[in-house]
Amino acid sequence: MSSVFRKFGSKSPSYNKKYKETLFERFTIQGGSTEKKISHGAFFETNYEFLLYGFFLGLYQNNRLELPVKSEQTSFRHEIENWGSKKRTDLRKDFKYVQFALFEAAFLNTEIDWLEVESGDVSIDSAVNKLITTVEEYANAGFEYLLEKVEERTSTTDEMFFLRLITDAKK
Amino acid sequence: MSTNNELLRKILKHPELDGMFEIPKNIDKLTISEARVSDDPYVSASGEILYQLSQNKNVNSNSVYTTVQQLLKTKL
Amino acid sequence: MIINKIALKNYQCYYGETEIVLGKDLNILLGANGEGKTKLFEAIMWVLDMLNKNQEYSVASAKAFDELEVGESGTTSVALYVTREAGDRENYTVIKEKRFVKKPNGGIRYSEVEYRAEHENLAGERNFISDGKSILNDLFPYEYRQYSNFEGEEALDIFDTSGGGDDSLVNLIKLFSNAEKNEKYDKIFKEIYLKAKAAEEKAAKSNSKNEREYKRLIGERDSKLRTIVQKRELLSDTQKELAQLSKRISECEKIVDNNEEFNTLNERIKSREEKIKKKSLNISTRYVDFLFDRKWILMHYREVLDGFNKKYDILEKDRRDAERSHIQKQAAAKALVIARHDFTALAVNVPDRATMQEMLDEEVCKVCSRPAEKGSEAYEFMKSKLEALIKDIEQTDEEIPELFKFNYLAELRNERVLFEERVTSDIDSTADDIKRQFTINTSTAREIKELQEEIEDFVAKKSELVGSKGKTEDTYASIIADYMEWVNQRSAKEGHLKMFTSDIENLNADIGDLESKIEKINASSGNDFLSLSKKILHALSQTFEKVKNEEFDKILKDLESRANKIFEEINVESFQGKIRVERYKLVSGRYSVRVEHVLHDGNRFMNPNQSLKTSVNIAIIMAVSEMAQSKEEESNNSYPLIFDAPISSFDKDKSSQFLNMLNSIPGQKIIMLKDFVSKEKGIVKVMDEFDSLSCDSSYLLSLKRPFNKEDLTTIETQVRKL
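Same order as they appear, the protein sequences are chains A, B and C. Quick note on numbering: the first sequence equals residues -19 to 151 in the numbering used here. Quick note on numbering: the second sequence equals residues 219 to 294 in the numbering used here. Quick note on numbering: the third sequence equals residues 683 to 1404 in the numbering used here.
Honestly, the hints are just simulated from the structure, not real lab data. Keep in mind that a hint or two might mislead.
Straight-line distance between alpha carbons at most 30 Å, and here's what the computed BS3-like set of lysine-lysine pairs gives [said to hold, decoys possible]: (1) K872/C to K231/B; (2) K961/C to K67/A; (3) K1239/C to K228/B; (4) K993/C to K293/B; (5) K961/C to K228/B; (6) K1239/C to K231/B; (7) K1117/C to K293/B; (8) K866/C to K1217/C; (9) K863/C to K275/B; (10) K73/A to K1117/C; (11) K231/B to K863/C; (12) K291/B to K1199/C; (13) K293/B to K869/C; (14) K1239/C to K247/B; (15) K869/C to K231/B; (16) K1202/C to K293/B; (17) K243/B to K872/C; (18) K67/A to K959/C; (19) K959/C to K73/A; (20) K66/A to K961/C; (21) K993/C to K(-13)/A; (22) K869/C to K228/B; (23) K879/C to K291/B; (24) K228/B to K1217/C; (25) K247/B to K866/C.
Everything numeric in this text was worked out from a predicted model, so none of it was measured.
Only chain A is shown next, with the shape it has when bound in the complex (with noise of 0.2 Å):
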C-alpha cells in the first residue's frame, strides 16, 4: 500500500458537534435493535457510513464548509482504513473501495503542492492533514445542507430521502 494512503486511513476525520444529536444519533443505527431503529428512521448503520453519506453530498453539490474551532468538533474514532468491512454474515457486502474514492476525491480537491511534499520540503503528515480537513469540510457543507432538508420533510419513514438528496445533488 502505498504510503500517503496508509497514512491517509490512518485518520479519524471529526465533524461539528452539533450534528451529534440532530443528525448523528437519529440517522445511524449505532448499536441498538436495528429494526426498532429503521421504524424511526435510522437508516444508517454505522457513524461512518453517515459521515460519508455528508461528504459525497458536499462534494456532488461542490460545497465546502470550513469546520468550527476545535472545541466545537467531535469524533468517532473510527480509521478510514477499517470503514466498509463488514462481517460475512451481514446482509451487507464489504464496501472497503470507498476508503479510496474518498482519497481520491480529497487529492482532487486539495491544494497541495505535492513536488514540494515528494522533495520533502512539506511534510507528508501536513499534506494529509489537509486532505483530511477536505473530507471533513464537505461532509461539513453536505450535513448542513441535509439538515435544512430534514426539517422539510413530510415523511420520517421514507427511505428514498437519502437516495434521493444524492441523485438530486449534480443537478
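Position chains B and C relative to chain A; hints supplied.
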C-alpha cells in the same frame, strides 16, 4: 263434458267391450231409458247402472247391485 | 268475477288509504324496482288468502305504526270491491283486516285476522257477512285462484307435483272435466263388480267339493290383497319420506358443494399468501445500504475519477519535468566543474589534462615539442602541473543532491489503477442499476397488491358462503355429518321402495294365480248366472274406468293444446319446444298431473332460459283461464288474471307480443310491470312508448321522495292514475 247418455254411448262403443255383445244399431242416439229395456245384458246393465247413478246423488252400491242383478237375471 | 276496485289501508308501504279503480279488461300498474309494485301484488294475494305463512306477518305500515302512542291501535286492511260479472249492480266487498297495537316496550302486537264481506243486492240493500272467506270461495273458487296469478320469476314452479304433495293442478283439471262425478261412478262400478264377485265366491264356497281348498284359496287371496294395501301404504309413506330426504340432501349438497368451494378458496388463499411471502423477499428498499454496497454513492463520481486521473497525470508529468530539469542541472553542474578544471589549468597553448597525461606517458612536451624524459626538469614540471590540476578538480567536485526524496505519487500508481478497474463500470451503470431496482420493487409490489386483492375477494366469498347459510365455519362439520347420514338413509329407503314394489308385484302375481284357481272352481261349480253377471259387471267396470281416464285426458289435451298455442304466440320466431301435460300414476295408485317442457322429439328441454320458463308458466295460466271462461260460458263468468312483472326476462319483441296477446284474450287482467319506467337521478318517469299501449286503466306506483332506505317509516308508495 259428457251427459250420462253420452257416457253410456262411450261405454258401449269402447274397444274394451269389443266382441262381447252386439252394438245396437241406434247406438249414437241411444238413451239410458232405452238401454235399460234392451235385451242385451251388457246394454241393459249399463243403462240400469247409469240410471241408478243419475237418479240419486248419494247412491249406494248395494242397491245398485241388487237392482242390476235382478235385471240381469231376466236377461240371462 | 271482476275486481272493480282495490282499497288498501296501511298495508306495508301503502300508508293511509289507497284506492285503485280497475277496468274489466287490461289494467297496467307501472313501478320501478323497489317502489311498491310487488307489495301491491302481495296485498292482493293477502286478501285472496294466497300468501304463505311467512308472508302473513309484518303487514302493518311502518309509518302508521310509528305514529302510534303506546296503547294506541291501528288497522291494516285490503278490500276488494267485486262483481260476478262486469257491469253487475249486485256487488260484493271482501275485506281482510288485521289490527295492531303498540306495546309498552314499543313493539307491535297483531290481532287475529278478520275476514269480512259486504253484499249489496240489486235493490241497493247492504248486508254484512262475517264469514268473508266463504264468500270469497264462492266468488272466486280456490282452484281457480291458485292458477290465476303469476308471482314474478322467482316464484316456485307452481306445477311441481312431484312427491305426491300438491294436487292443485289435478283438482283444477277436475273442475273442467266431470272428473268428480266420474270418480264417484267409477267407484260404484267397481263396488258392484266386487259384490258380484263376492256373491259368486260365496255360492261357490258352499257348493264346492273342495270346500276347504276353496276357502283356503279365498282366504289366501284376501289376505294377500290386504297385504298389498299395507304395502301400498308403506310405499306411499316411503315415497314421502324419500321426497323430504331428497330435499334436505339437495339443500345440503349446496352446502357440501360450498364446502368444496370453501376448501378450494382456502387453498387458493394459502397459495397466494405463500407467493406473497416469496415475492416480498424480492423487494428491497434498503436504499441507504445500497448506496454503499452497490456503489450507488459513486453515481456522480465519474467527474472526480477523471479529474483525479488528470491531476495525477499532470503531477507525474510535472514531477518528471522537474526531475529532468534537475538532472540536467546536475549534469550541467558536473560539466561545468569539469570544464572549469580543464579550462583554468590551461592557457591558449596549454594542453589539457588528457594531453598532459599523454605527454607524460610519451615523455615529450607537446607544447614546445621538446622531449621530456622522466626525471628531467621539464618532466617534473609537467607532472606537478598535472597533479595540481587533478587535485583542483577533486577538491571542487561537489555532489548535487537529488531533487525528490520521496515517491508518494509513484506509489499511488498501482493503487489508483486497481481502484479504477474496480469501480469504473459500476459508476457508469449506477443509474441503470437504480432504475432496475425500482422497477423490480414497483412491479413486485404491484404483483403483491394484486395477490392481496385476490385474497380479499376469496375471503369475502368465504364469508358469503358461510354467512348465506347463516352458519359458522364450525357448523359445517356437523352439516357434513348429517349429510352423510341422510345419503345413507336415502339409499336405504330407495331399497325399501324397490322391495315394496317387488313385493307388491309378487303378491299380484300370486293373487293372479290364486284368482285363476278360484275361477276354475267357480266355473265348475255350476253357478253360471253369478259367473256371467260377474263377468259382465267386470267388463263394464273396466270399461268405465277407461272412459273416465279418457275423459280426463281429453281435458289435459285441451289444456295442452291451448297452452301450446299461447306459448307459441309468446315465443314467436324463437325455438321454444313444447308444453306437455300428462297424467301419471303415483305409487299410491292415485293419479296426478304434471306439466313438462319438452323438445319436439319428446325429450325434456334441458336448461331453458328464464324467459322460456316464465312463458311456460304464463301459457298454462292463460290456458286455464281460457278453459275457465269457456266452461262458464253459460254464466259468462271469468276470473281475473294477476301478473307481477311477468316479462322482466323478455326482450322487447317478446314483451310487446305478450302484451298484445293479453289484450286479445277475454277477461280481466291486472298486470304489474317494471318496463316503461325509467328512474334517473331519483326521478321516476313513464316512458313515451307506454302511450301506444291501450288498456282500461293504468297507474304509476312510486315511492314518495325524499326517503331514507334505512328507515321504513319514510318508505311510502304513492299511486298516480295515468
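Here is what the structure says about each hint:
no.	hint	verdict
1	K872/C to K231/B	holds, 19 Å
2	K961/C to K67/A	holds, 27 Å
3	K1239/C to K228/B	holds, 18 Å
4	K993/C to K293/B	violated, 149 Å
5	K961/C to K228/B	violated, 86 Å
6	K1239/C to K231/B	holds, 21 Å
7	K1117/C to K293/B	violated, 117 Å
8	K866/C to K1217/C	holds, 21 Å
9	K863/C to K275/B	holds, 10 Å
10	K73/A to K1117/C	holds, 20 Å
11	K231/B to K863/C	holds, 20 Å
12	K291/B to K1199/C	holds, 26 Å
13	K293/B to K869/C	holds, 25 Å
14	K1239/C to K247/B	holds, 26 Å
15	K869/C to K231/B	holds, 21 Å
16	K1202/C to K293/B	holds, 24 Å
17	K243/B to K872/C	holds, 28 Å
18	K67/A to K959/C	holds, 27 Å
19	K959/C to K73/A	holds, 24 Å
20	K66/A to K961/C	holds, 27 Å
21	K993/C to K(-13)/A	holds, 20 Å
22	K869/C to K228/B	holds, 18 Å
23	K879/C to K291/B	holds, 15 Å
24	K228/B to K1217/C	holds, 19 Å
25	K247/B to K866/C	holds, 25 Å
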